[in-house]
Amino acid sequence: MSKNILKAEKICKSFVTDGVVNNIIKNMDIEIYKGDFTVIMGSSGSGKSTLLYMLSGMDKVTSGNVYLKERNITNLKEKQMAEIRKDNIGFVFQNMNLIPDLTVRENIVSPAYKSRISKSNVNEKVEELLQQMDLKEHEHKFPSQLSGGQKQRTAICRGLMNEPELLFADEPTGALNSSIGENVLDIFTMLYNKGQSIVMVTHDLKAAARGNRVVFIRDGRIDGELDTGTFYKEDIKEREIMLYHFLSQRGW
Amino acid sequence: MWFKKIRKRKIQSLFIILIVALCSMLMTSSLIIMTSFNDPYKNLVNECNSPGLKLYLYHDEKEYAQNIKNKFEQLDKVRNVEITKYYYIRDGIKVGADLKEGFYDLIEYNEKLHKNLRMINGDFNIEYLGEKECVIPNTFANEYGISVGDKIKIGESLSYAVKGIYADPYNMSVAFDLEFIVTNIPKDMGSRYYLSVFSEGNITGNDLIDYYREANNKILEGRGITLESRINDNQLTEKILGGILFAGSILILFVSGIMIQYMIKNMLISEKESIGIYKTIGYSNHLITSIYLKFYLFLVTLGSVIGALSSKFISDSFTKETLKNLGVTTSKGILKAGFICVFIVIFFVFIQVYLILRNLKNIKPLEVFSKEVSIQMNIKKNKKRSMGFSPINMAFRMMLRSKKNTILIVITCIVSIYCVNFASTAFSMIDAMQENNYYWIGFDKHDVSLESLDLNDFEENLEEIKAIPGVKKVIPTTTDVPVSLEWEKGLGDTIMSSMIYETYDNLDMPILEGRNPRYSNEIAIGNSVANQLNKHVGDYIPIYFNGNQKINLLISGTFQSYYDMGKSCRLLGETLRENDIFFQYSEASLYLKDNSQVEGFISEYSDNYSNKIKFIDRKLKYVTIMDMICTPQKKAIMPFMVMVLLLGALNIIAIVYLKNKDLSKINSIYKAIGYSSNHLLKANIIYILTIAIISTMIVLPVFIAVFPKTMVVSLSFFGFKEYRVDYSIINISITNMITLFIFGLSGIISSKNLYDNPVKDLTCE
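So the protein lines, in turn, are chains A and B.
The numbering of the first sequence is UniProt numbering, which starts it at 1 and goes up by one.
The numbering of the second sequence is UniProt numbering, which starts it at 1 and goes up by one.
To be clear, the hints were calculated from the coordinates, so they are not data collected in a lab.
No residue lacks a Cβ here, since even glycine has one placed at the ideal position from N, Cα and C.
With a Cα cut of at most 25 Å, we get these calculated BS3-like pairs of lysine-lysine: (1) B/Lys665 - A/Lys77; (2) A/Lys79 - B/Lys682; (3) B/Lys115 - B/Lys85; (4) A/Lys77 - B/Lys752; (5) B/Lys94 - B/Lys187.
Calculated from the model, a selection of chain A residues having no Cβ within reach of chain B, i.e. all distances over 10 Å: (6) Val21; (7) Ser147; (8) Met190; (9) His203.
One chain only, chain A, in its complex shape:
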């Protein structure tokens, strides 16, 4: 097994609503390994998105610790956390969350300000991403002028701009139709094959089948893990059946 890139120890997340305490994540331990395509699955309300936001440092844990490359990032100041997000983490959202008043190119380049990437390499990198994601002809369009797939591809480009150690994706195909979703998943597979570490939350079996490791969460706890091995497109049906069995056993 490869070295962990991210580690969470006994993390908890609680919300207080109208005086009632809701424990969303309960004393969870989880490790994310370099080069893995980790898929987090769970039914609605199981805490998978909450876990993702805590692991990516966007949300604070109520208790426990999160380590990124062995550095405890649990209690870092907001500015330090922002630096970590900029240099080490990329994020792709279900609803894309592109900045509406920035063009495609500006959206992609937006994380590059004062990042690890040298100024001279920024343009080169943007061009590479635009070509790679087939967005070159749309670079000066605004998000409102793009299709759903183009938007999500732009969001992926933005997530990859700073060459992050870890790419988080929260239901990246959730807002897309199946053929465009398939296309986006192919991009994730391609990135994984190139060695990009990815953590993806999904409840879509087809999407989950792209990962090499599936973590199932129920009621704020890890209920099981499945090592699905390297993805090959020819094996997709078998992987989906294997996953289905794994999930069925856990009452999914």
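Since the structure of chain A is already known, use the hints to place chain B on it.
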């Protein structure tokens, strides 16, 4: 249902209430300042049974006074005429060891005139005044903190105990003659007479003058002070001040209206989903509009009522002293003014609200639920203008791509910066007014003023003083010769004050057009007189001495002055001598070779002439007139400046807060991709400060060009045509730095929500 919206939109509700309250407060207080004395004066006039006219006669003899009295009594409209013996106190009044300078008369008690005076304090039976007792005006008592039982001293030998304190409409301002009532004026004091003329029915003082002149060959044998003009002059400063504040409040109301429109637009955007739901379940546009109208009507009414009620704190600081002088504590005008302002504010803001809420009909449920957002952008333009992500670049992007926000902040900044500069410059001008008294009063810029305490040897003493080493020159002057204009029906008081100089050559004595008199057939007149009579430089003007001695003089120049409400003229002593008009110089302008030695010169020589000549630093001359003009304005400017800044800051807080709320999701995205809250805050601050700096750069030249003109308009009553402003770079710099700081601070306060957790904006749940 509308009431629940307050709970949901607490911050917005608070902003609207505060903005409306501040507008209403400023407007109501300005209206109170302008109107709250009307009723108290009317009541005082009725209570005191004040004469419509006081005529200060040209000659001192009692027979002369009796003769004029008889002539008045022959008029149908005259009910009664009383003769009052008075003595003009030249050398001030001593209260304890302090000398209180001003315009004071000692007058003899007359039951018919004084029995109805409003007694504020002390013995109400002033007819039993003792020989060494006096009754003093409330204005004087309040100004110098004098109570019944205190002693006042006139000259070296005369001392009176204060038996009572009274108020009457003719004795309400320290800028005009205040009357001290005694039983008898000592015989050795040179006394004079004035007539108090009472009219029948609604005949005014001006009417009385007209009737008298018509019946007596157009000649009035003295200077007439009418009741209406005195009441008007008493309130002049408050009226000017109230007018400026009212204009300011209208301007601020206009900006606040735009602000409130913006807030409601913002609300419509954020609530369009709820509105869409209401529509789908059968609510009509009318019903939804009425829900929001009720909500905003409640906020606006609450804000304007709070503002109107709290306006008392501001208006009180201006009206309190005058009301105290009038002997009343409150004025009913407050309620009336409050009601009018609440109505104006509600009406104006409500129109703004309605205009925006009309757009409710454009919210289509289908479009709302599909959540399609169309952003109109000029793609070609943006190809060329791709910007980076430094705080500066983000701020400039905000400016260029959120034009509406930018325009709103620009308008708010421009109005606020203009008003603050206006207030600050006006304050520094007023602060320097006493020092520049020669410019405002219209006399020469000398170093030491000499005032005669004994007319007999005055000119000889001046010759002595001229010989003192260090004295450059001494110019004898007087202001004691009344000059009147040719009467025409409706002209009212024809008397104008004169400044008679031995020479005007080589004097720094400001003139508007032409020059000061050089020859004996010349006169310079106040601009207000020139305007009133439509006279210009080069025209001839007939003037009268002693009421009936007519001389035609060539107008050599016009000037402006606060002195005698701008109704004054400048003459050469030679002009009077050539026309056999008796006069004596009673003052002199002394110039020192080294004008930094004024204090030393006064302290060295004033004792040598202690009973003969009073030495005064020119900068302290006419201090009562300058106080009357400056003190209320000084009091007004500070709260005005604070309120303008507060409103500007509130508007900016509201704009930036709502902008941040609008952009909350975008800010969260930035945070998600690695931008810190501080970075976004910096962008916000740069955004606001850049707009504020640009606004300042726009405002300052406009302000420098417009400010003197605004002041000329507000002082047009005095005939001012020019308003010389010595702009202080330090003062302007400090003012604008403070304004920028407050705007920056507003930006920081309103950006608090940048530090919120970004997750809630980014998830779909």
